[in-house]
Amino acid sequence: MKAASERNGEPTVNWELRLYVAGQTAKSLLAFANLKRICEEHLAGEYRIEVVDLLKNPQLAKGDQILAVPTLVRKLPEPVRKIIGDLSNTERVLVGLDLRPRSLTGGV
Amino acid sequence: MRSSGKRRHDSEVALVSLPKCPTGIHGLDEIALGGLPRGRPTLVCGAAGCGKTLLGMEFLVRGARDFDEPGVCLSFEETAEELAANVASLGFDLGALIARKKLLIDHIYLERSLIEEAGEYNLEGLFVRLGHAVDSIGAKRVLLDSVEALFAGLQDEAVLRSELRRLFRWLKDRGLTAVVTGERGQGTLTRHGLEEYISDCVILLDHHITDTVLTRRLRIVKYRGSTHGTNEYPFLIETDGLSVLPVTSAELTHDASNERVSTGVPALDAMFGGKGYFRGSSVLVSGTAGTGKTSLTAHFVDAACARGERCVFFSFEESADQIVRNMRSIGIDLQRWVDKGLLRFQAARPTTFGLEMHLVKIHRIIQEADPSIVVVDPVTALLQSGAIDETRSMLLRLVDFLKEKQITALMTTLTSGTDAREQTEVQISSLVDAWLLLRDIESGGERNRGIYILKARGIAHSNQIREFLLTDRGVELREVYLGEAGLLTGSARVTQEAKDASDAQLAQLELERKKLLLERKRKALEAQIAAVQLELETEEQEARQLVAQEELKRNKLEQDRGEMARSRSVRRGPSESNGGSSKTRGGRK
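Line by line, the protein sequences are chains A and B. One rule links them: number in our numbering = place in the first sequence (from 1) + 639. One rule links them: number in our numbering = place in the second sequence (from 1) + 147.
Among the clues, some could well be false.
Listed next, the in silico DSSO-like pairs over lysine-lysine satisfying Cα-Cα at most 27 Å (straight line) [claimed, not checked]: (1) B/LYS422 x B/LYS552; (2) B/LYS248 x A/LYS695; (3) B/LYS661 x B/LYS646; (4) A/LYS701 x B/LYS248.
Listing some non-contacts, in silico: residues in chain B with all C-beta distances to chain A over 12 Å [claimed, not checked]: (5) ARG276; (6) GLN302; (7) THR335; (8) ASP402; (9) ALA494; (10) LEU601; (11) ILE612; (12) ARG625; (13) GLN655; (14) GLU697.
Computed footprint of chain B on chain A, listed as stretches where at least three residues anywhere in the stretch have a Cβ under 8 Å from a Cβ of chain B [stated by the list, open to error]: (15) 656 to 667; (16) 696 to 707; (17) 716 to 726; (18) 731 to 740.
Read the hints as simulated data drawn from the structure, not as lab findings. Every residue gets a Cβ at the ideal spot worked out from N, C-alpha and C, and that includes glycine.
With the hints as extra help, turn the sequences into a complete structure.
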């Protein structure tokens with residue numbers, strides 16, 4: 640799953656997502672599965688996921704200011720957004736990705 | 148836990164005696180008896196702006212520069228550029244150290260509003276970053292400044308706490324000596340209770356303002372497995388880093404030298420049993436304004452420099468130039484010693500800093516200059532910048548420090564009013580070994596100076612008051628006049644001495660006169676005797692003449708009578724011629 644890029648056949652990729660994990664832990668596997676599911680449901684054909692394993696590429700943690708693991712970074716569309724955790728709270732993930740308005744979630 | 152687990156075997160298990168990691172910070176290593184606990188995290192906490200980051204950075208910079216221990220700084224608040232700019236004023240060139248891979252600064256930025264939390268997480272990313280940074284330069288030291296920013300950036304405090312616990316464990320397992328800073332909280336050492344996790348060594352920084360003067364203090368709250376200084380120690384942020392003022396000796400163990408040093412004034416030496424002060428002793432010179440305290444110290448310094456000893460003169464009232472000029476007026480040229488590098492002046496207004504800061508500075512300068520003589524003129528100036536209790540303990544530290552270094556210290560104090568022994572003096576007098584008191588003696592419309600030794604530990608000293616004269620050849624001591632009128636000085640003494648002299652002269656004249664008189668009398672009597680004798684001789688002579696005349700007369704008579712008889716016997720017969728004839732003649736007539 641290292642640096643695995645998921646590409647749909649669609650030519651336009653509006654969503655560029657990067658998932659930072661540290662090793663193939665249960666949590667990182669869960670996070671990836673959750674992300675995949677949410678993307679398929681809401682962004683089918685419009686997204687690309689890049690998984691970064693920090694144990695293999697520790698220097699990459701600095702660039703996106705990664706502390707917590709797993710961290711999902713929405714590189715595109717701008718602005719950059721970060722969602723930390725195993726992404727099991729789908730509602731929060733959708734809010735974090737701006738796929739659902741913040742006001743409805745009761746605010747942050 | 149996973150990543151740290153495999154490193155656990157590296158941890159130092161048996162710590163027979165706790166290894167220390169020297170910080171290189173002035174004074175801190177002395178208080179911590181060698182440094183921070185090696186391979187363990189140390190918590191440095193305090194309010195905003197009290198120097199936590201600076202202490203941490205100095206720990207890293209000195210480690211990298213002086214101990215060849217590279218360091219990593221995880222900065223949660225400031226960027227590398229900001230940090231570099233902040234410490235550049237202390238002469239730390241972070242850029243150069245970073246370029247030489249002796250230092251690595253990783254700025255960790257957390258913006259809560261940009262982070263959505265959706266499910267469980269841990270802070271493995273932080274561990275990865277720190278681990279990577281440490282490995283890339285082979286770091287031995289770590290600064291986390293300030294890890295509490297995490298609490299502001301992340302919501303799940305339970306996770307955060309367990310992760311922090313893991314972080315400090317990880318640091319220990321990696322054998323990294325770490326400084327972790329934390330902001331002071333209400334009633335707790337840190338706002339988020341970091342002291343729960345870091346229990347090996349906790350240093351508290353504090354600052355408070357008294358009389359508009361800022362004083363910074365440092366205290367080691369705890370140090371597991373090691374003894375340490377327990378007091379609050381003042382510290383100073385100087386041009387080359389932090390400077391902590393340690394208590395130099397908790398016990399009175401300093402050597403007592405038998406060597407004596409001249410006071411620079413022969414007559415004063417004489418008062419001190421002919422030899423002067425003990426080397427390494429602390430001497431207090433107290434007196435009211437203008438009694439010549441500084442002049443006395445100048446003599447001492449002059450004599451010491453002439454012997455080739457180094458001196459430091461701390462002046463809190465006059466500039467160096469002013470002292471040099473003024474001392475020239477009493478015939479002491481201090482400038483030549485300055486030029487020779489034997490004498491160093493350090494002049495500052497007492498109000499510039501708090502008392503502690505002055506003492507920290509004094510410490511620093513003494514460490515640098517390594518003098519054998521130190522003058523603090525006046526030490527009272529320091530008293531103004533602190534409460535008396537504090538002052539006393541600070542001076543005690545100073546005196547201890549000087550004694551430990553076998554530095555002879557001359558401290559002057561300014562007393563006010565007529566009572567020479569002021570409260571503050573009493574406070575510090577027990578700390579000093581010798582106490583010289585200069586006092587005004589007012590009489591006959593003049594103010595004159597008197598000097599006496601109030602105490603001199605271990606020296607048989609004079610108990611007498613001497614008059615203290617400032618001449619153009621320096622200080623001179625005179626015997627004061629003690630007469631029926633009491634103690635006389637100045638012109639009163641001179642007058643009295645003159646009067647005494649004329650009295651003595653009069654008495655002498657009287658004596659001469661009496662002698663002369665006696666002589667004359669003797670001569671007169673002698674003359675009388677001579678006259679009488681002469682008279683006697685005359686009388687005798689007359690008497691002799693008389694007798695001779697009488698004899699002559701009688702002889703003549705008898706001769707006449709004989710002739711008469713002869714003539715008669717011629718007529719009667721020769722038988723009647725003698726005696727019978729005169730009888731007969733007489734009988735008949």
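Of all the hints numbered above, which does this structure not satisfy? Sort the numbers upward. 5 and 6
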